[in-house]
Amino acid sequence: MELISRYIYAVTRRLPEKQRADIEQELRGLIEDMLEVRLEQGETKEEAADAVLRELGEPRALAARYGGGTRYLIGPELFPIYLSILRISAAATAIALSVSFFIRFLTSPALIDELFADFGMSLLGGAFQIFTWVTLTFAFLEYAVAKEGKPLRQGKGGKKPWSPADLPPVPAERKDIKRCDAVAGIIFTVLFLVVCTVQTDALGIYFLSGEQRGIVPFFEQSVIQSFLPLIWLLALLAIGRDSLKLIKRTWTWQLAVVHLLVNAAALGLFALMLQDGAVWNAHFLEGLVQYGMVTPGSDGYASAESTWQLVTSRFFLFLVIIVLVDTITVLYKAWRPAPPVKQRQA
Amino acid sequence: MADVNETTHGLLQELRRGTIILGVLSQMAEPRYGYSLVPLLEEKGIAVDAGTLYPLLRRLEKQGLLNSEWDTNEARPRKYYVRSPFGQQVYDALRDEWRSMNRSMESLMNEDEGGSNDGAH
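Here the protein sequences come in this chain order: A and B.
Here the first sequence stands for residues 1 to 346, numbered as in the numbering used here.
Here the second sequence stands for residues 347 to 467, numbered as in the numbering used here.
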């Protein structure tokens with residue numbers, strides 16, 4: 001009975017390998033028993049086989065009943081957050097690539113066809129990248145959560161039985177994480193990522209009028225690109241952190257620690273990138289001269305030179321200050337006492 | 347408005363899910379193979395299709411409520427299930443619980459039928 005074998009195969013191939021042989025034998029026995037009853041009632045073999053398999057139902061459904069618990073790549077708990085992160089990241093990538101396209105168009109309008117094709121390709125590539133990384137991150141989260149056997153939203157609590165005392169306090173308004181803050185963080189990260197990956201030479205001084213159009217970039221693209229693996233790692237950490245904020249929606253000390261660790265990692269990466277001056281465009285001043293902004297030997301050239309030197313030497317300090325301000329803000333938000341919640345008198 | 351039959355069917359399925367487990371456990375004092383249970387349960391008014399029963403037996407075995415053994419002496423090898431000592435304890439507890447629940451439900455629903463039908467008191 002070929003149909004029967006096909007049915008059994010369709011069921012067992014969906015089951016864990018260890019159980020296949022046993023279930024196959026049992027299922028075959030069952031089908032033969034069921035066939036026997038029908039054959040005794042005078043049905044033909046074909047009729048009986050058809051009826052029996054219909055009775056047992058779709059192989060997928062039967063296999064699902066054998067399967068027990070449902071397994072997810074990304075479960076219903078995380079799926080809404082996954083979707084919103086995906087949407088935000090996709091939008092941010094699209095915006096960043098559009099801006100990049102627009103900048104290139106401004107500097108070299110003659111290349112419009114080429115630029116447009118390139119734009120399409122990078123949109124496609126970016127979409128795949130975003131989809132892959134966000135999905136992988138969430139699949140990992142799901143795996144970790146499923147392994148732990150409890151939903152992510154629940155606090156810790158280990159094996160202790162739940163007690164009402166475990167209920168988290170209603171977050172005070174000031175401790176709330178605004179959704180738009182976390183979203184802005186993700187958008188910023190994605191923009192940063194896209195700029196570093198695709199076009200660091202868009203950061204620079206623009207010359208859009210006059211004979212020559214072009215940009216004098218601040219950074220040396222090849223040097224920045226040599227840091228790309230680390231930049232991607234950092235960006236994933238940052239997106240993970242902001243996703244966590246979207247999930248928790250309130251400042252806890254754990255979240256603050258995660259936030260500060262990511263800040264520290266970012267600062268470490270910046271320090272690494274800036275430690276020798278190689279990341280800066282060595283031909284920056286020459287570029288300014290080339291576009292006719294300054295002429296060598298003039299006062300303007302001297303002041304441009306000193307400004308450039310000041311900026312490049314102090315840039316890391318500037319970043320440290322930004323990160324420090326952010327750190328203090330977070331520390332304040334996470335550790336200040338919550339304002340008393342208005343309570344109705346019982 | 348949802349269809350009465352459809353809604354009833356959905357809720358009944360939920361109700362049946364638990365009773366089938368109890369029904370199956372009740373029949374497992376003797377070793378039985380899956381298909382022999384179908385007519386046995388049907389006779390007593392508990393219809394269960396094989397596609398539900400077989401995975402269920404396996405699950406109960408995995409939970410330690412049933413033991414199983416292949417009988418390969420007959421022409422057609424069959425897997426026989428029987429209540430384990432642990433399954434016996436669980437079954438006893440479930441059965442007692444079911445009976446008391448049954449009494450409570452009866453009295454609840456009698457009360458309802460005895461009261462006024464339009465709900466005005």
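Be aware that a few hints might be false.
To be verified - Partial list, computed: chain B residues near chain A (C-beta under 8 Å):
{"#": "1", "residue": "363"}
{"#": "2", "residue": "400"}
{"#": "3", "residue": "426"}
Said to hold, decoys possible - Which bits of chain B does chain A cover? Going by a derived footprint, with three or more residues having C-beta under 8 Å, they are:
{"#": "4", "stretch": "364-372"}
{"#": "5", "stretch": "390-399"}
What the hints assert, rightly or not - Label-pair restraints from in silico Cβ distances:
{"#": "6", "chain 1": "B", "residue 1": "354", "chain 2": "A", "residue 2": "249", "range": "37 to 43 Å"}
{"#": "7", "chain 1": "B", "residue 1": "359", "chain 2": "A", "residue 2": "336", "range": "19 to 25 Å"}
{"#": "8", "chain 1": "B", "residue 1": "447", "chain 2": "A", "residue 2": "144", "range": "35 to 41 Å"}
{"#": "9", "chain 1": "B", "residue 1": "361", "chain 2": "A", "residue 2": "336", "range": "50 to 56 Å"}
{"#": "10", "chain 1": "B", "residue 1": "440", "chain 2": "A", "residue 2": "44", "range": "27 to 33 Å"}
{"#": "11", "chain 1": "B", "residue 1": "434", "chain 2": "A", "residue 2": "43", "range": "37 to 43 Å"}
For the record, the hints were derived by calculation from the structure and aren't laboratory data.
Ideal Cβ placement from N, Cα and C applies to all residues, glycine included.
Tested hints:
no. : hint                      : in the structure
1   : 363                       : violated, 12 Å
2   : 400                       : holds, 6 Å
3   : 426                       : violated, 11 Å
4   : 364-372                   : violated (count 0)
5   : 390-399                   : holds (count 4)
6   : 354/B / 249/A: 37 to 43 Å : holds, 41 Å
7   : 359/B / 336/A: 19 to 25 Å : violated, 53 Å
8   : 447/B / 144/A: 35 to 41 Å : holds, 39 Å
9   : 361/B / 336/A: 50 to 56 Å : holds, 53 Å
10  : 440/B / 44/A: 27 to 33 Å  : violated, 44 Å
11  : 434/B / 43/A: 37 to 43 Å  : holds, 40 Å
In the structure shown, a violation is registered for the earlier hints numbered 1, 3, 4, 7, 10, in ascending order.
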